[in-house]
Amino acid sequence: MTLETRTFTVTRADLVRYAGASGDHNPIHQDDEVARSVGLPGVIAHGMYTMALAARAVGDWFPGAEVVSLGCKFTNPVVVPAAGGVDVEVAGEAKEPDEDGLTTVSLTVTCEGQKVLGMPKAVIRA
Amino acid sequence: MPVDQSLVGRTFPPTEAYEVTEDRIRAFAEAVGASYDGSAAPPTFPIVLAFDAMNAFLEAEAIDLFRIVHGEQKFAYDRPVAVGDVLTASLTVASLRQIAGNDIIGTTSEITDASGTRVCATSATLVHRGAEA
Chain V
500 MTLETRTFTV TRADLVRYAG ASGDHNPIHQ DDEVARSVGL PGVIAHGMYT MALAARAVGD
560 WFPGAEVVSL GCKFTNPVVV PAAGGVDVEV AGEAKEPDED GLTTVSLTVT CEGQKVLGMP
620 KAVIRA
Chain Y
469 MPVDQSLVGR TFPPTEAYEV TEDRIRAFAE AVGASYDGSA APPTFPIVLA FDAMNAFLEA
529 EAIDLFRIVH GEQKFAYDRP VAVGDVLTAS LTVASLRQIA GNDIIGTTSE ITDASGTRVC
589 ATSATLVHRG AEA
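Heads up: the sequence lines are chains V and Y, in that order. When we follow the working numbering, the leftmost residue of the first sequence carries the number 500, and every step to the right adds one. When we follow the working numbering, the leftmost residue of the second sequence carries the number 469, and every step to the right adds one.
The shape of chain Y in the complex, shown without the other chains (with noise of 0.2 Å):
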């Protein structure tokens, strides 16, 4: 089923705080293969909560999951994510058209700290696949 056209425009709420620790920026880290030496946590660490925000958007829309690839990705960082930062992340539906069956998503997200700062600012392309691919 193609994704609603009305989404265009809306902004979903925030997602959960999440914190940032040096468990979680080492786990990531080792994950791809990088070293950490305690500071900055690595370029696509802001991802995690890009994703967080792009799943509540999929569980709204009764999107599913494996149907959907990634397309694009950009980051624009107004600071590196720290140790000790609480992050959240407020996704946006930017566009969205059909070619050959799939939907193309287009999305934005904006990642806040505690203070309301944005950290970074994404935007992802999601291709959902539909159901006769």
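Next comes chain V alone, as it looks inside the complex (with noise of 0.2 Å):
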């Protein structure tokens, strides 16, 4: 079953409350210098940022859904910029579910029509 496609708007101000929230204060989030030191090209979102909005599509998909297991790599970095934002788009494919009531969902997560997420999926328990 194909799920309909979520877009989210990534700001700078949103990673400002990510690393808040998450206590991740990594600079690499923030500051496109420190960023750019490390061979990056500016300011990334934090992968756990963009692996939060792929579980808030799900939990959009599946509302009160108990996710069993939850796994991405970043292939990707998500580029913010200063000013306005970036969208991340998260689409997903769900199969039936199997014997044990478990039902995986395959995603795609994409920014600028790139892929971000390496293999991201979430197996729930709808």
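If you're looking for bench data, these hints aren't it; they were derived computationally from the structure. None of the values given here were measured: they were computed from a predicted structure. Mixed in with the good hints there might be a few duds.
[As the list claims (entries may be wrong)] Result set (DSSO-like, lysine-lysine): computed pairs, CA atoms no more than 30 Å apart in a straight line:
{"no.": "1", "chain 1": "V", "residue 1": "572", "chain 2": "Y", "residue 2": "542"}
{"no.": "2", "chain 1": "V", "residue 1": "594", "chain 2": "V", "residue 2": "614"}
{"no.": "3", "chain 1": "Y", "residue 1": "542", "chain 2": "V", "residue 2": "594"}
{"no.": "4", "chain 1": "V", "residue 1": "614", "chain 2": "Y", "residue 2": "542"}
{"no.": "5", "chain 1": "V", "residue 1": "614", "chain 2": "V", "residue 2": "572"}
{"no.": "6", "chain 1": "V", "residue 1": "620", "chain 2": "Y", "residue 2": "542"}
{"no.": "7", "chain 1": "V", "residue 1": "594", "chain 2": "V", "residue 2": "572"}
Combine the two chains into a complex, taking the hints into account.
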């Protein structure tokens, strides 16, 4: 079953708020100079922020479902401009529940037409 | 400087106990744009614990956080995190290899509640970008 694609806009202010709530104050998510000093194109979103957006889409598609597992690789950075924001799209495909009642949701998470997460997947008990 | 190879297999001491409060869950949920209805925490909430454990590991090994990029993250949940949980995380270095001047550090962290029962098993790959990068 194909799920309705969700689009989320990510801004620098979102990253500041996420840093505060998660405790991840890595300056590569705040400071262009530091990000560039380690070879990144500029400030990037926390991978965990992008993953949280993917989880949010799953929550929107299956309200109240228990998530049994969640995982992904961080294959390309989500570069967040100093002004405005950048869109992250989360598409999903759900399989039929298996004999244990678990549903596997395969996700595709893109930013500016490029996949940013590798093999993002959630298993839920709907 | 490359990360010390002898770290593989080492488990670091558990993090300080972290009390899960409604405020903490709500702040996290709102920061990722989700709404919080008072039930289970968002699925990525346990990263708060795993991140604490990672920070303690980086500090112990004098690794700079700004040289770390997240490569991979997995969560396997035994149950959802809920208000009132008192959690700790302990991190084990599972693997270590060098690719193109970067250290690829594989870690696993177990998040347990006050009774010592596992709530969530996480694994993370950390890419430590070399100084010349």
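| request: Decide if the proposed pair is consistent with the structure: residue 542(Y) and residue 594(V), CA atoms, cutoff 30 Å inclusive. | output: 20 Å, holds
| message | Hint check: residue 594(V) vs residue 614(V), CA-CA at most 30 Å. Holds or violated? | response | 21 Å, holds
| task | With a cut-off of 30 Å on the C-alpha distance, tell me whether residue 594(V) and residue 572(V) pass. | result | Satisfied, since the Cα-Cα distance of roughly 21 Å is no more than 30 Å.
| said: Checking one constraint from the list: CA of residue 614(V) to CA of residue 542(Y), max 30 Å. Satisfied? | reply: 18 Å, holds
| query | Do the alpha carbons of residue 572(V) and residue 542(Y) lie within 30 Å of each other, as the hint requires? | reply | 9 Å, holds
| task | Decide if the proposed pair is consistent with the structure: residue 620(V) and residue 542(Y), CA atoms, cutoff 30 Å inclusive. | result | With a Cα-Cα distance of about 9 Å, the restraint between residue 620(V) and residue 542(Y) holds, given a limit of 30 Å.
| said: Hinted pair, alpha-carbon criterion (30 Å max): residue 614(V), residue 572(V). Please report holds or violated. | reply: 11 Å, holds
When held up to the earlier numbered hints, the structure conflicts with none and fits them all.
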